[in-house]
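This is what each chain is made of:
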Amino acid sequence: MSTTYSPRQARHAVAPPGRRRSPAGAVLLLGWAGVAAVLALWWQDTGAVVGPADWLIGAGRIAGLLTGYSCALLVGLMARVPVLEQGVGSDRVARWHASLGRYTGCLLLAHITLILWGYAVQSHTGVVGETTTVVLTYPEMVKGTIGGLLLLVIGLVSARAVRGKFRYETWYYLHLLTYLAVFLAFWHQLALGADFSTHPLARGFWYALYVSAAAAVLWYRIAVPMRLNLRHRLRVASVVREAPDVVSVVVHGRRLSELAARPGQFLRWRFLAPGLWWTATPYSLSAAPRPEMLRITVKAVGDHSAALIRLRPGTRVWAEGPYGALTADRRTRRKVLLLAGGVGVTPLRALFESLPARPGDLTLIYRARTADDLALRYELETIARLRGARVHYVLNQADGRSPRLTADLLGGIVPDVAEHDVYLCGPPGMAQAAYQVLRSAGVPAHHIHHESFEL
Amino acid sequence: MNAPSSRPLRRVLLSTLTTVGGVLLLLGLKPHVTTGAAGAVTQSAAPFPTPSASGTSPTGGSSSASGTRTVEGDTVQTRYGPVQLKITLRAGKISAVSAVQLPDQNPRDQEIDNFAVPQLTQEALAAQSANIDTVSGATYTSQGYIQSLQSALDKAGG
Amino acid sequence: MAAETRLRRVEPIMGTVFSFDVRGAGPRATAALEDATAWLHHMDEVFSTYRPDSQISRLAAGTLALSACSPDVWEVLRLCEAAERRSDGWFSARYAGAFDPTGLVKGWAVERAAAMLSSAGADAVCVNGGGDVQVHGGRWRIGVTDPLRKGGLVTVVQAEGELAVATSGPAERGCHIVDPHTGRPPAAPLASLTVICRTLTDADAYATAGYAMGDRARPWLESLPGTRSFAITADGAAWTTGEQR
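Residue numbers (the numbering used here), protein chains in the order written: chain A, 1495 to 1949; chain B, 3 to 160; chain C, 83 to 327.
Keep in mind that the hints were calculated from the coordinates and are not lab data.
A virtual CB, placed ideally from N, CA and C, is assigned to each residue, including glycine.
Any given hint might turn out to be false.
So, partial list: chain A residues that the calculated Cβ filter (under 7 Å) puts toward chain B [unchecked claim]: (1) A1542; (2) V1544; (3) P1546; (4) W1549; (5) G1552; (6) L1610.
Residues from chain C that keep clear of chain B, each with C-beta distances beyond 10 Å, as calculated [claimed, not checked]: (7) D126; (8) E127; (9) S130; (10) R133; (11) D135; (12) A202; (13) D205; (14) A248; (15) P271; (16) T276; (17) D297; (18) R298; (19) T315; (20) A316.
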């Protein structure tokens, strides 16, 4: 493929912009403010706590309120809201969602246990009898029970230990059932939630919370992608085999400049071909986006990525995005080091091409197993030559041992690494190790920009 | 900023302790004595919250020449659902109260009904020999009390 | 183990006399007794139909909106409504054509006062509001007066734990309970009807409704769960319902 790089685009060095503040802090603050509001609601509605039954029921109610609140947050986090996906970063948002999800599962268990136990103590019956009564006779509880059980099962299945046993697609579709579970469980919160029956304001707040989350999902996960795809009409233009198990897919579309994709970002791609249409997988752009084309480069690691080689030109593509915060916006210094591990080279390849830098200020270190695994090697060297940037490969030893990326090794290649902005992208193990090394080499934490692919 | 996370066990422990501690604190700060204040949570009574203080005047009602008025109050959201009562007033007195809207019978109340009542002794007894603590009977007035068994018990006292 | 502190008190409220008996009273119980008494007086002010400035009176006069009444008023009105439904209309908060919730108010207030004392850490609490009794905690022996023999008892109820005993009848104040369907005293009036169950609001309401029913009371009372009743007929015979089978 010729002309993957156009020298004119990034010749002049621009003064690096000031550090752009991530909205993560504001988002977290908002989340915690909601927690405070929810607890204040409980506080205002509860009078005396007398006797063990009241303690149990009180704790159960608090757990229930927090569970309801976090379910709305969980839905909202995954709604693909731009301020989250691009401002905070898709990977970070996904991690928030995962840890909050685990916590919510525990809260849910606590809520169920404490409420049933508390009710049983209060009415001097056994827990089993009480459970039957609650589930079968209380308003909206059959739905609530199904929703709760569904959430617990999904939570269990999502646990790392169990998830590996399923194909990604199976797990993904199961996880979609959380929307149903949350919907089912919502009604019992209003019908039985002692704290809602008392204030119209509280009910209003709860409705607003859930309606906003639902609206965000409907808008950003359904309406916006629909508009995007109808406007841009993406199609596969060609498929290029870069290496034995690495393939590039070039996608053409209309008005791509309006997509506003930036180098370093990724989209979620759904190729409308047999066997591929039912998953949307995130792949980074492996070249700076052009007005007429987008390109991704994929390493065959699973059924899905292996099937891409068989894509036929003309296949329609449904994309969502662009997402990701690993862009030129995060840059704070003149000198930049791009540190890529394996498949992480793709977004960095796009940045390597387009990040404004003077000759000598831009370095790419590419960590791979063997020379054959270096995808896009020719392009990288061409760009380096034209831009006065440097490319270094760090490969396994001849006997197969992987070199430890030490501070010494790093210092040998980039002596003044402490004065660089570092963009880091690779598999979690490698990224973690590299991060430690960078820190120990004196690079401040806020100069390391990282995106992990464990979405 | 974007550091890969480490030490998950420590985070789990920390978040568990914080949550449990927080909940216990919240519960502990509440009074542990049933009070007469509005909104107290007691098992048998289902207290209503303080309704909005706007005190809207009674929404109009039908009235007839004999001075009967019905007043439908606002709907109040209670612990168990919406309640709306209608009162019928006649010549300055409430003559009837009916519900326009009631929550479903509180399931908690229904359950609490099931408990075992004690046996009764059925012999005719003299109060002195029965060694009782208190007496139940038809309601006495303050005057009637003076001659009642209860007052004798209260005086004997201790 | 706390010393056997016993607290007793007699207080005229709501046109009758309340007797308090608290066993094993700690320091909080003394304060709670003060609170409970003050609260009962306050309830008297809110509900008394004899005072023109009580909430009930102002509600009737139209000078106070229902939504501006205190939560306790809503509570009592709701309970009256519920009692009326549960008793198919035989319980009626009406007297002489006027809405008079004071019958239910008394039982409800006694129940609440007893709860206040019990939750303040007393070992055992007994509150007797003009003949309607609510107990909590330890052993209590509650006698039931004989309507036909002044100063005598017909039975003793031995309570272990939470229990309420309410008695309806004409023995003290004349027949003030009417059959709501006819507006007149019941056709075959009992001398007295005592209802025993867990909470006094219910016991009071059932006793009133049952008394109004006359001889229809027995099957109805038998159908109520967790309730025992004891009646003395006009000619001195007795029957009970709710026996353990």
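Earlier hints that do not hold, by number: 3, 6, 12, 14, 16
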